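A.B. asks: Just so you know, the protein sequences line up as chains A and B, in that order. If you're matching positions, the first sequence starts at 1 in my numbering and goes up one per residue. If you're matching positions, the second sequence starts at 1 in my numbering and goes up one per residue.
Rather than coming from a laboratory, the hints here were simulated on the basis of the structure. Predicted, not measured: the structure shown is a model, and the values here were computed from it. Where is the CB? At the ideal position from N, CA and C, for every residue including glycine. Treat the hints loosely; a few may be bogus.
[What the hints assert, rightly or not] Estimated spans, in silico, between C-beta atoms of each pair:
1) A291/A x P293/B: 34 to 44 angstroms
2) E243/A x D304/B: 23 to 33 angstroms
3) R218/A x R288/B: 47 to 57 angstroms
4) G63/A x T278/B: 48 to 58 angstroms
5) G63/A x A15/B: 51 to 61 angstroms
6) G214/A x A204/B: 47 to 57 angstroms
7) R288/B x S5/A: 52 to 62 angstroms
8) S5/B x G51/A: 55 to 65 angstroms
9) R218/A x D247/B: 19 to 29 angstroms
10) A291/A x G263/B: 31 to 41 angstroms
[To be verified] So these bits of chain A aren't anywhere near chain B, every CB distance computed over 10 angstroms:
11) A19
12) T44
13) L190
14) V206
15) D215
16) T241
17) W249
18) G284
19) A291
20) A297
21) S303
22) R307
23) A317
There are 2 protein chains.
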Amino acid sequence: MTTESATALAHQLTAGSVAALARAITLAESSRADHAAITRELLTEVLPATGRSQRIGITGAPGVGKSTLIDTLGVLLTGLGLRIAVLAIDPSSVRTGGAILGDQARMSGLNADPQVFLRGSASGRTTGGIGPGTRESILLCEAAGFDVVIVESVGVGQSETAIADVVDVVIALIQPGAGDDLQGMKRGLLELAEIVVVTKADGADVDRARHTAGDYRRGMRLFAPRSPQWVPRVLTCSAHTGEGCADVWAAVVEHQQCLTDAGERLQRRAEQRQAWFTAAVADGLRARFHADPDRAALLSQLSDGVRAGQLLPTVAALRALTSA
Amino acid sequence: MTTESATALAHQLTAGSVAALARAITLAESSRADHAAITRELLTEVLPATGRSQRIGITGAPGVGKSTLIDTLGVLLTGLGLRIAVLAIDPSSVRTGGAILGDQARMSGLNADPQVFLRGSASGRTTGGIGPGTRESILLCEAAGFDVVIVESVGVGQSETAIADVVDVVIALIQPGAGDDLQGMKRGLLELAEIVVVTKADGADVDRARHTAGDYRRGMRLFAPRSPQWVPRVLTCSAHTGEGCADVWAAVVEHQQCLTDAGERLQRRAEQRQAWFTAAVADGLRARFHADPDRAALLSQLSDGVRAGQLLPTVAALRALTSA
């Protein structure tokens, strides 16, 4: 694809073409250098058209009900005339190859709706609960005119807290439980979530869900909130009966208003951009450094010595840095 | 200092000289390249004599009672015939210049004891709740024969969770509080703490302290523990009456035994060494990259554009990486 076609793609994208959006995200997720170059060019062209959506992260263990909540929210939001894009990050290791199709099939309420864009991405190449190109994909969805961008992440893995670095608000989903049955959220996530939702609050589980919500409401008082402006909200909902789903959306809107009024929303986004830049520079330096196969072998050998405790880490680092 | 004197210092250190230890830590904390070289040499010589201590992190807000607990623990441990070293990391910004002397004066019970080494370090040059040379200082204390190394950190700042990267167990200290009075721990810290101690459980505050401990005990069930082997312990103590301090130590010993039995203690230390190596390489690459004053100016300018949202972070990164 040439510069001209990047410009053409930019035009289609800002005209709201979902097909163009799908192609652009494929480019953004590609590991090929030429695709990365087109993506940079495309994003630079559409940059003025980005930044206007509500960026929402939804995270929780597999089976907690992320897709069904998103489905219900999607119906609600499209009913309000909003266009909604869903980027589902799925660690390829966790499910079988066809992960996303399964997800899309489950989100049946949404799939039929032209106001809705659904996209599954394997997070294979990166860790942290976001995938390669997630940041770019959010911008692309915004350029295509989507009002709400939801990043859905399975809250597993080592550093799944990265989702908080790309969205305005993290919603953590929890199963109802009682006493020792509580699954316990992955470390780090609970402290980043500004809205916690206990799912499956229906039928025989309503009381358990309310009890769990109370536990989390009390528990979340134990650590300082992320923002001085916002006391984390703990809600219950049933994607089955629909009850509580409107409250989840109301909390998102209230959160955005609250942080916007305090100037914190724009501040956070500026910090996220800065962090993205810093990480991109560090990644580039590391990639360049590791590109030499001899050095890659040396690094691996030094690493073994360090792990075994035979080599001081700073000595190993010096040897790596001074290697030809 | 020449190679020869690094060797001499290594001999004095492994002979248990506290004066040599103090000098070695000064070298380790220095930002001078020649001092860093001596430190590497010295540590390489004494490496076989390291690794044998219990490394304990104690963290909590200013005024929570870290120093008094450490004082009481120190008297207890020296009574058991153990040698104890305390590295107090003090963000220089938080207190006045003479921070450490104040700390040492407060730890009066310890100061008189030759079995005890006290060292204050300003964390001025690094963030993360540990200072420059903290990792090296721990190794130096071990080489000098100390059985217990306590890293005391004020749990403030952006990424104070770094203390967990250098010790075997983090003890988080909390004030007694009730209901909305709860201070709330800094984000991240609570989830890394495997022992939580509610301080000042004496006099009129005993009930409040017990109540607070109950709150934290329930609250900590809400997220998955750091280790599958260890359910975080929540204790109360009074450094004033001494009550509960022995239990804190018993919990530390039990924690160590538990993780040692599971093979997790050595595993964690290997991962900490690996992380130190990785960070040292990344720091070196960044330092080299930023060393050119023209590039430093360019980075600052690019950063402004990125923060303002006028420049795509990946485009800015590419410009930085391809700058001459």
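A.B. asks: None of the hints should be skipped; say for each whether it holds.
C.D. replies: Cross-check of the supplied hints:
For the pair A291/A and P293/B, the supplied restraint of 34 to 44 angstroms is violated, since their beta-carbon distance comes to about 26 angstroms. Distance hint check: the CB atoms of E243/A and D304/B are about 48 angstroms apart, inconsistent with the given range 23 to 33 angstroms. In this structure the hint that R218/A and R288/B lie 47 to 57 angstroms apart at CB holds, the actual value being about 50 angstroms. A hinted range of 48 to 58 angstroms for the beta carbons of G63/A and T278/B is inconsistent with their spacing of about 34 angstroms.
For the hinted restraint 51 to 61 angstroms between G63/A and A15/B, the CB-CB distance of approximately 60 angstroms keeps it satisfied. For G214/A and A204/B, the hinted distance range of 47 to 57 angstroms is not satisfied, since their beta carbons lie about 29 angstroms from each other. For R288/B and S5/A, the hinted distance range of 52 to 62 angstroms is not satisfied, since their beta carbons lie about 38 angstroms from each other. Our hint of 55 to 65 angstroms for S5/B and G51/A holds, since their Cβ atoms are close to 59 angstroms apart.
Separation of R218/A from D247/B is about 25 angstroms and conforms to the stated range, judged on CB atoms against 19 to 29 angstroms. As the Cβ distance of A291/A to G263/B is approximately 36 angstroms, the hint placing it in 31 to 41 angstroms holds. Distance check for A19/A against chain B: the nearest CB is about 23 angstroms away, which clears 10 angstroms, and the non-interface claim stands. Against chain B, the non-interface label of T44/A is violated: not every CB pair exceeds 10 angstroms, the least being about 5 angstroms.
Annotated as non-interface, L190/A brings its C-beta within 10 angstroms of a C-beta of chain B; the closest such distance is 5 angstroms. Non-interface status of V206/A relative to chain B is upheld: no Cβ of that chain comes within 10 angstroms, the nearest being about 20 angstroms off. In this structure D215/A is not separated from chain B by more than 10 angstroms, as the shortest Cβ-Cβ distance comes to only about 6 angstroms. Taking the minimum C-beta to C-beta distance to chain B, about 25 angstroms, the non-interface status of T241/A holds against the 10 angstroms cut.
Distance to chain B confirms W249/A as a non-interface residue, since its nearest Cβ pair spans about 24 angstroms, more than 10 angstroms. For G284/A, the shortest C-beta to C-beta distance to chain B comes to about 4 angstroms, within the 10 angstroms cut-off, and the non-interface label is violated. For A291/A, the non-interface assignment is confirmed: its Cβ lies about 12 angstroms from the closest Cβ of chain B, beyond the 10 angstroms cut-off. No Cβ of chain B approaches the Cβ of A297/A within 10 angstroms, the least distance being about 15 angstroms, so the stated non-interface status holds.
Remark: the non-interface label on S303/A conflicts with the geometry, its nearest Cβ contact in chain B lying 6 angstroms away (cut-off 10 angstroms). Non-interface call for R307/A relative to chain B: violated, since the shortest CB-CB distance, roughly 5 angstroms, does not exceed 10 angstroms. Non-interface status of A317/A relative to chain B is broken: a Cβ of that chain comes within 10 angstroms, the nearest being about 3 angstroms off.
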